[in-house]
Amino acid sequence: MPDVVVIGAGAVGAACAYYAARAGLDVVVVDRGPVAGGTTGAGEGNVLVSDKEPGPELDLALLSNGLWRDLAERDGFEFEPKGGLVVAESAGVLDALVGLAGKQGVEHVVVDPAGLADYEPYLTKDLAGGVFYPQDAQVQPMLAAARLIQRGAERYGQGTLMLRTGVTVTGFVRDGDRVAGVTTDRGDILAGAVVNAAGTWGGEVAALAGVHVPVLPRRGFILVTEPMREPPVRHKVYTAAYVTNVASDSEGLETSAVVEATASGPVLIGASRERVGFDRTTSIPVLERLARQAVELFPVLAGRRVIRTYCGFRPYCPDHLPVIGEDPRAPGLHHACGHEGAGIGLAPATGHLIAQTLTGARPDLDLRPFRPDRFEKERP
Amino acid sequence: MSPEYDLVVIGAGPAGVAGALSAALAGVNVALVDGAARPGGQYFRHLPEGFHPGRPGALHHGLDRFTRQWEALRERATLLLGHRVWAVERDEQGVSVRCLEGDREERPRTVTGRRLLLATGAHDRPLPFPGWDLPGVLTAGGAQALLKGNLVVAGRRVVVAGTGPFLLPVAAGLAEAGADVRGVFEANGRLGLARHPLLAAGKAGEAAGYAVSLARHRVPYHGRQAVIEAHGEGGLTHVTVARLDRHWRPVSTRTVECDTLAYGYGFVPQLELPVQLGCATRRDADGGPVVAVDAGQRTSVPGVYAAGESTGVGGAVLAEVEGRIAGRTAAADLGRRVGPLPALLRRRERLSAFARALLTAYPVRPGWQRWLREDTLVCRCEEVPLSGVREARELGATDARSIKLLARPGMGWCQGRMCGYAVACLAGENVSAPRRPIAQPIRLGDLAALTRSPLEG
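Residue numbers (this note's numbering), protein chains in the order written: chain B, 1 to 380; chain R, 1 to 457.
Careful: at least some of the hints might be erroneous.
What the hints assert, rightly or not - Distance windows between CB atoms, simulated:
(1) R:Asp294 <-> B:Ala96: 42 to 48 Å
(2) B:Pro121 <-> R:Glu233: 54 to 60 Å
(3) R:Gly234 <-> B:Gln158: 54 to 60 Å
(4) B:Thr168 <-> R:Glu383: 52 to 58 Å
(5) R:Asp91 <-> B:Gly166: 36 to 42 Å
(6) B:Gly252 <-> R:Glu383: 39 to 45 Å
(7) B:Gly115 <-> R:Asp91: 43 to 49 Å
(8) B:Gln158 <-> R:Thr253: 38 to 44 Å
To be verified - To give an idea of the interface, some chain B residues facing chain R are shown, with a C-beta separation under 10 Å as derived from the structure:
(9) Gly33
(10) Leu143
(11) Arg147
(12) Gly166
(13) Ser256
(14) Leu301
(15) Ala302
(16) Arg305
(17) Thr309
No wet-lab data here; the hints were simulated from the structure. We treat Cβ as the ideally placed atom computed from N, Cα and C, and that holds for glycine.
Turn these sequences into a full structure, and let the hints steer you where they fit.
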């Protein structure tokens, strides 16, 4: 019998499993699909500190940033500590960016308009300046999730960390009030504790245990260009509007330019946010806006071709914070979901903190802002 | 804004041209769109300007008829050649067909119609094997295109391999054009089809014609043999031919010298546009996805019709019949008077039964996976070897999509058109209908200016 069952083999589930195994627990990871088949497989692999307002999420991001660097010592998932450049279209926006950077207390460099070309020679000249964040990084998210599980198994023993794909959780085994395992379409798995790392589907998993955790999908499209030998984009580059969009509560479509190259050659272009449920229908107007914003930022991209596009569903909670920790309404059930668009970046810290709650250790961060039962008051 | 045309037809092959002509003859205002500079689709394409078949024979089968239909269509419809479709959308008014017009100086153009006929055809289905990326190794369709483009094949030493009846016209055509065809290697049993009663009813004559042609040129035709490896430094010099057991596992091998290999293991229907519109698909006799249509060639999406290989691979004659039915159904749905269909429907029934029999008689058997080595490229665009696919599976990728996410097969220029079938087989699953919301590469500048395009106002 394992100590822990982790539901979900995305980046967050993989990190929970890895750190739990490292803490000496026996772990089984189950996923109804393959490894990294959900939102992890539809993301850009952002490891960002730059886009967070000061507060609990920034603390989580900074903890995670350091953990990613430790994990990347044995690479294998294209970790690129290339830094992020946030650019401002006007002097007013630049002032706001510089103000935010000062409040964050994160390592940063304020870049004047003339200095932008030193960071990004192909960037449009029509900008008021920007802020460079050297700690921002990127990983290949699918490989990162898969490698964390693989390495956890290799380092801490195959019996210690097992991955079972194609297993759908259908309910929970209870021992009195306590959650004591999961029921699945392949039989029951008894365990000392269960971690809900089901991402955008985390609310459904919580409901199986009779608890309310409001995780909803926020759709995003990404454009992928043809591979380029020397991509004209060196860092992760995005406009200030991205920061406000991330924190926005709007139902409607919001887009902001987020442009970056990948290790395998293509340039990725985001980011759009819409609340349309789990609708995968391609929206050409959204693609058009993403293309226009990217070309405005990097005019040289106008002649490059887009060869594919895909969409994914960010798991968001009403207050835009993830849900991390044991659920007092269902003891034994720990949640690690609702990371919205930051799940890759926040995965190691989430896994590390969950391992601490699983072993009864004092968590490195105050988990109260991430409490699973914090939405009880808002229930209809 | 009301649509420009009553009916937009995508694809200028046998199905699209017949469909467009049938609708136009019934008084429908039709636009026909195709990415190539010339009509013909995969089957009749690449004919030189002013080409007229001088003699009846295998290569020119049906060409005369197609040419007459094309000439008739010229006077009755708007023909938009050189328009590559990258997306289709639908709203209450009808459909918007997003194209890229022109070659180097391509520009976006949108064609709108009240209804849409998809006749997007099929492309070659190659299987990977060691050496398949050597210069001199062509798909059977590629070899046919070379031939029809009047390229010099005389004197070349050619091996034809794969499975299916399409190998016969390819080999016969190459031999007629003066190539030294060293042999045709059919991976399934060569008698498999002859035993099928439908052959006698259907196309015995045509098959016999190819057989006579191959015999005249002394081209040996071998059953249950396959090319399992191609060799050469910088260019093809010889191939390894294996005798196969019934699962296609190699039993014994020998070497055949050649400088050209034309090979193919059937065809993959092009489904990205129907999938974009949300058309329902079904499994064909070989397990692959095709567009589901009703008796009038209507898809599950209102106002959208499909005909030809995208509704099931069955060859040019069946495609033409389906196109005619679709064109007339569309005309009737648009309120035009059209003649009765029963004879056409009976013909389609007979031809599609034959097509299903062919798919069943020429399956792809799993033993081909044993022809691969660890370093054999599965995806040529992204240079992913078999070992990369294996590693992805060990990491927890259990389906073709997650193999692609972890190891990148299908992420490159061709977007999995070449390797998609093989990767699905290696993942142990049936091929699923491709999701390609961008069906053709489009420049970011063009995508960015889509609704600002002067053509759209």
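Hint by hint, here is what the structure shows:
no., hint, verdict
1, R:Asp294 <-> B:Ala96: 42 to 48 Å, "violated (58 Å)"
2, B:Pro121 <-> R:Glu233: 54 to 60 Å, "violated (42 Å)"
3, R:Gly234 <-> B:Gln158: 54 to 60 Å, "violated (45 Å)"
4, B:Thr168 <-> R:Glu383: 52 to 58 Å, "violated (35 Å)"
5, R:Asp91 <-> B:Gly166: 36 to 42 Å, "holds (39 Å)"
6, B:Gly252 <-> R:Glu383: 39 to 45 Å, "holds (42 Å)"
7, B:Gly115 <-> R:Asp91: 43 to 49 Å, "holds (47 Å)"
8, B:Gln158 <-> R:Thr253: 38 to 44 Å, "holds (39 Å)"
9, Gly33, "holds (7 Å)"
10, Leu143, "holds (6 Å)"
11, Arg147, "holds (7 Å)"
12, Gly166, "holds (6 Å)"
13, Ser256, "violated (15 Å)"
14, Leu301, "holds (5 Å)"
15, Ala302, "holds (3 Å)"
16, Arg305, "holds (4 Å)"
17, Thr309, "holds (5 Å)"
Violated hints, in rising order: 1, 2, 3, 4 and 13; the structure is consistent with all others.
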